[in-house]
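Here the protein sequences come in this chain order: V and Z.
Numbering-wise, the first sequence is residues 1 to 205 according to the working numbering.
Numbering-wise, the second sequence is residues 1 to 115 according to the working numbering.
In short, the hints are calculated from the structure, not lab data.
The reader is advised that the hints may include incorrect statements.
Derived DSSO-like pairs: lysine-lysine, alpha-carbon spacing no greater than 30 Å straight-line [claimed, not checked]:
id: 1; chain 1: V; residue 1: K33; chain 2: V; residue 2: K123
id: 2; chain 1: V; residue 1: K77; chain 2: V; residue 2: K33
id: 3; chain 1: V; residue 1: K77; chain 2: Z; residue 2: K78
id: 4; chain 1: V; residue 1: K27; chain 2: V; residue 2: K140
id: 5; chain 1: V; residue 1: K53; chain 2: V; residue 2: K123
id: 6; chain 1: V; residue 1: K53; chain 2: V; residue 2: K65
id: 7; chain 1: Z; residue 1: K54; chain 2: V; residue 2: K140
id: 8; chain 1: V; residue 1: K123; chain 2: Z; residue 2: K54
id: 9; chain 1: V; residue 1: K65; chain 2: V; residue 2: K33
Residues per chain, in single letters:
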Amino acid sequence: MSRPHAGPPESDPAILTRAIESLLTEKGLIDPKALDAMVDTYENKIGPRNGAKVVARAWVDPGYKARLLADATAAIKELGFSGLQGEDMVVVENTADVHNVLVCTLCSCYPWPTLGLPPNWYKAAPYRARVVADPRGVLKEFGLEVPETTEIRTWDTTAELRYLVLPQRPAGTENLSEEQLADLVTRDSMIGVGLAKAARGETRA
Amino acid sequence: MLLTPDIVPAVTSTGATARVAANVAPRFRVGDQILVNNIHPTTHTRLPAYLRGKRGVIERDHGVFAYPEHHAHHLPEKPQHCYAVRFTARELWGSAVNSRDTLVADLFDDYMELR
Numbered sequence: 001m002s003r004p005h006a007g008p009p010e011s012d013p014a015i016l017t018r019a020i021e022s023l024l025t026e027k028g029l030i031d032p033k034a035l036d037a038m039v040d041t042y043e044n045k046i047g048p049r050n051g052a053k054v055v056a057r058a059w060v061d062p063g064y065k066a067r068l069l070a071d072a073t074a075a076i077k078e079l080g081f082s083g084l085q086g087e088d089m090v091v092v093e094n095t096a097d098v099h100n101v102l103v104c105t106l107c108s109c110y111p112w113p114t115l116g117l118p119p120n121w122y123k124a125a126p127y128r129a130r131v132v133a134d135p136r137g138v139l140k141e142f143g144l145e146v147p148e149t150t151e152i153r154t155w156d157t158t159a160e161l162r163y164l165v166l167p168q169r170p171a172g173t174e175n176l177s178e179e180q181l182a183d184l185v186t187r188d189s190m191i192g193v194g195l196a197k198a199a200r201g202e203t204r205a
Numbered sequence: 001m002l003l004t005p006d007i008v009p010a011v012t013s014t015g016a017t018a019r020v021a022a023n024v025a026p027r028f029r030v031g032d033q034i035l036v037n038n039i040h041p042t043t044h045t046r047l048p049a050y051l052r053g054k055r056g057v058i059e060r061d062h063g064v065f066a067y068p069e070h071h072a073h074h075l076p077e078k079p080q081h082c083y084a085v086r087f088t089a090r091e092l093w094g095s096a097v098n099s100r101d102t103l104v105a106d107l108f109d110d111y112m113e114l115r
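With the hints as constraints, model all of the structure from the sequences given.
Okay, here's the thing in structure tokens:
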């Protein structure tokens, strides 16, 4: 890994990580090319568009949605998504009565095959500490005001299950194709800190 | 085994589940009212501190998984059921929060007792 000579100094964790990587490489315990392949996989090949396809399929196919809510791991695998950090999946459905939001207060557990790597804020202490105690306040900071009459259900996913939120299908999307619907599904809506985007020309109620 | 670039696709698409095919009886059933143990291990745990001593309800039985407390420290395996357990926000944070809001956490058999 080459580094430019100019630019801001590296952070302590970055220096530490590079030192550990060199040591493990010199001892023959890791192959840096394998690490590059892992990073490339999760930075460039796998990301939230996978999850968006799952959501769009559930919106157009009631049978698929039923399978997804009953056995998410198998239903997600039907679309070709499986593996590391998605071995045992649970999908939770947003309705008019319940808004689900995900967190891992102990670290950064996150469903990689469907969402890719977690955003920095998801891994940061402020989100993890605050969303369990004050979900309404945190969601407001994301621009999402959940009605007082809707239950916010926060999932602290600290064990071996990985979760995905099935957001509500936006109004006025009856005539959109599955592909067009997938474009409305944002990463944040599948974590529960946002909603799916409104269809063009529609404003959200 | 050394991870090499050629096996990365297989490793990433397969993963490594912590689910265990052991026939272990669940200690709780869906709907059971539980109390989270007030324990403070200094070794690895997947029990968030803010849930200790709190009252919840078993919402879903996820099945049998490796017990992280043992697995992390190379202790003899102790596979057990992991459950989605629901708490009211008021049980956790007091009367100032919305009475509808809830929190669900995935907790192992050994973390809880019936109440």
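Hint by hint, here is what the structure shows:
{"no.": "1", "hint": "V:K33 - V:K123", "result": "holds, 26 Å"}
{"no.": "2", "hint": "V:K77 - V:K33", "result": "holds, 28 Å"}
{"no.": "3", "hint": "V:K77 - Z:K78", "result": "holds, 29 Å"}
{"no.": "4", "hint": "V:K27 - V:K140", "result": "violated, 49 Å"}
{"no.": "5", "hint": "V:K53 - V:K123", "result": "holds, 24 Å"}
{"no.": "6", "hint": "V:K53 - V:K65", "result": "holds, 12 Å"}
{"no.": "7", "hint": "Z:K54 - V:K140", "result": "holds, 27 Å"}
{"no.": "8", "hint": "V:K123 - Z:K54", "result": "holds, 25 Å"}
{"no.": "9", "hint": "V:K65 - V:K33", "result": "violated, 39 Å"}
Taken one by one, the earlier hints fail for this structure at numbers 4 and 9, listed in ascending order.
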